[in-house]
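Chain by chain, the residues:
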Amino acid sequence: MTPDAGPATILGVETSCDETAAAVVVGGRSVRSSIVSSQVDLHARFGGVVPEIASRAHVELIGPVVAEALAAASTGLHDLDAIAACRGPGLAGALLVGVSAAKALALVTGLPYVGVNHLEAHLYAAWLEEPDLEPPLAVLLVSGGHTLLVIMEAHGRYRVVGQTVDDAAGEAFDKVARFLGLGYPGGPAIDRLAPDGDPEAIRFPRAMPGEPNFSFSGLKTAVVNHARQHPDTPVADVAASFQAAVVDQLVDKLAAAADGAGAPTLVLGGGVAANSALRARVGTLGAATGRDVFLPAPAFCTDNAAMIAAAAWWRLEAVGPTPLDDGVDPTAGLGVVA
Amino acid sequence: MTGTTVLTRSADETRDVGRATAGLVHAGDVIVVAGELGSGKTTFVQGLAAGVGIAERVVSPTFTIAREYVGSVRLVHVDVYRLERAQELLDLGLEDLADDAVLVVEWGDVAAGYLPADHLAVRLTPGPGADTDERTVSLTAGGPSWGARADAVAAALDAR
Chain A
0 MTPDAGPATI
10 LGVETSCDET
20 AAAVVVGGRS
30 VRSSIVSSQV
40 DLHARFGGVV
50 PEIASRAHVE
60 LIGPVVAEAL
70 AAASTGLHDL
80 DAIAACRGPG
90 LAGALLVGVS
100 AAKALALVTG
110 LPYVGVNHLE
120 AHLYAAWLEE
130 PDLEPPLAVL
140 LVSGGHTLLV
150 IMEAHGRYRV
160 VGQTVDDAAG
170 EAFDKVARFL
180 GLGYPGGPAI
190 DRLAPDGDPE
200 AIRFPRAMPG
210 EPNFSFSGLK
220 TAVVNHARQH
230 PDTPVADVAA
240 SFQAAVVDQL
250 VDKLAAAADG
260 AGAPTLVLGG
270 GVAANSALRA
280 RVGTLGAATG
290 RDVFLPAPAF
300 CTDNAAMIAA
310 AAWWRLEAVG
320 PTPLDDGVDP
330 TAGLGVVA
Chain B
0 MTGTTVLTRS
10 ADETRDVGRA
20 TAGLVHAGDV
30 IVVAGELGSG
40 KTTFVQGLAA
50 GVGIAERVVS
60 PTFTIAREYV
70 GSVRLVHVDV
80 YRLERAQELL
90 DLGLEDLADD
100 AVLVVEWGDV
110 AAGYLPADHL
120 AVRLTPGPGA
130 DTDERTVSLT
140 AGGPSWGARA
150 DAVAAALDAR
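Protein sequences, first through last, are from chains A and B.
Its first residue numbered 0, the first sequence is counted upward by one per residue in numbering that gives the first Met the number 0.
Its first residue numbered 0, the second sequence is counted upward by one per residue in numbering that gives the first Met the number 0.
With the rest of the complex left out, here is chain A (with noise of 0.2 angstroms):
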């Protein structure tokens, strides 16, 4: 199904975790603006500290970040077709902001309103460069907080076939580093690193095997344990073998994943998706089995508020608008959507 109805131009707001994100995106691709708090200086605006993680700072940073969508895209409210927002998953304080917002807004203008799901939106950021993508897709959703592989059949249609048992890989990468000593956040300073250590030094367990699901808990007591062994191994090696633990992980199970589906495209997601060694073998397995493989841009794999405006647009045109008395789900799955 092709939404047909027009280039909708919609304003997409994200606040499910730590970033208070705002975009305006036209017909579900072309992005007209991203603005993403951590990314602009709002502290000179308000004066003082902008905690991450409050829903007060979402509640302060909200509307200024929205005023910089709408500006940087030379937009005005008058101008839009729609307004969305990510009602999960997603801490519940956090999500409510962005949702009162948008409805708001929707209330005030009297557009429609389209409550998106966090996980399909990261699933949507893919055609934010790539329009002409088609389904199915094998996706490797990888994030601080998610480690999702999906196979999604077809617009709003998707199986979760893989997920992990306990950490989320982009945790792992982070309290490996910070075990470690190289600073947050992890996955950029161990990505930086490894390049300068021996990713076979240290064995450390692939987890799981031949199981569609994964495990990073053991691989970070391992790491831990090993620290503790032998304190004299270079960091640098460290940093290698655990990488290359996580990114066996990850693609091995891609790998058996898209067998499995038939799937003839490979495509990443999420904050891990811009680690270089994970980028490099994603490519290789496309090349090796004769796949297509997109490799979003960081900037769209990271939480951001263009792929909200994104799902949105495929959303209204499957299943309409959302009543405004949706509320939020902060533990929302994916499934069938459409």
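Please keep in mind that the hints were generated in silico from the structure rather than gathered at the bench.
Each residue gets a CB set at the ideal place from its N, CA and C atoms; glycine is no exception.
Some hints could be false.
[What the hints assert, rightly or not] Ranges of calculated distance between the beta carbons of each label pair, as one might list FRET restraints:
no.	chain 1	residue 1	chain 2	residue 2	range
1	A	D195	B	T131	25 to 35 angstroms
2	B	R8	A	Q228	14 to 24 angstroms
3	A	S29	B	R159	52 to 62 angstroms
4	A	A70	B	G142	33 to 43 angstroms
5	A	A298	B	D11	34 to 44 angstroms
6	B	E35	A	T232	17 to 27 angstroms
7	B	G142	A	G261	56 to 66 angstroms
8	B	Y113	A	A296	36 to 46 angstroms
9	B	G142	A	G326	27 to 37 angstroms
10	A	R177	B	L6	25 to 35 angstroms
11	A	A317	B	A158	51 to 61 angstroms
12	B	S71	A	P297	35 to 45 angstroms
13	A	R205	B	R56	18 to 28 angstroms
Chain B: place on chain A using the hints.
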């Protein structure tokens, strides 16, 4: 403060300690789970959650800060690992989040000063042996409500 200490030899045994504790918890309880990276905090909570009838898989709440599950009681699983300042903990509004729920806080030492005195403190420590799977799990009942349940905690662990 009355404490019980047990030794576990595997993640499954740590999970069993969580499960054994589950029979004693009710809405309004606070459980603080402390221990270094990889010591099995989430593993303990997985057992506790299974014990209160939560079928859903309990995964780490580090990045989302809080995850909520519903079994025979509501369980709010919070991880304060990413919080840099106590103010952020206050901003989370834990009291509202955990209204009528069992509140389980990982890395609770950071937050200890901001949590009610009445709580069950669970501490996981690697060892004492050289086996990397071994953990010493100590459960300490603090405050009147948990203090009154200290003997029951010890009995539940014995019976596991």
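Hints versus structure:
1. A/D195 x B/T131: 25 to 35 angstroms: holds (27 angstroms)
2. B/R8 x A/Q228: 14 to 24 angstroms: Between B/R8 and A/Q228, where Cβ atoms are some 18 angstroms apart, the hint holds.
3. A/S29 x B/R159: 52 to 62 angstroms: holds (59 angstroms)
4. A/A70 x B/G142: 33 to 43 angstroms: This hint is violated: roughly 53 angstroms between Cβ atoms.
5. A/A298 x B/D11: 34 to 44 angstroms: Given range 34 to 44 angstroms: holds, Cβ gap about 42 angstroms.
6. B/E35 x A/T232: 17 to 27 angstroms: Because 19 angstroms falls inside the window, the suggested range holds.
7. B/G142 x A/G261: 56 to 66 angstroms: holds (58 angstroms)
8. B/Y113 x A/A296: 36 to 46 angstroms: holds (40 angstroms)
9. B/G142 x A/G326: 27 to 37 angstroms: Holds, at about 35 angstroms.
10. A/R177 x B/L6: 25 to 35 angstroms: holds (28 angstroms)
11. A/A317 x B/A158: 51 to 61 angstroms: With a Cβ separation near 54 angstroms, A/A317 and B/A158 satisfy 51 to 61 angstroms, so the hint holds.
12. B/S71 x A/P297: 35 to 45 angstroms: Distance hint for B/S71, A/P297 holds at roughly 43 angstroms.
13. A/R205 x B/R56: 18 to 28 angstroms: For A/R205 and B/R56 the Cβ distance comes to about 20 angstroms; the hint holds.
Violated hint: 4 only; the structure is consistent with all others.
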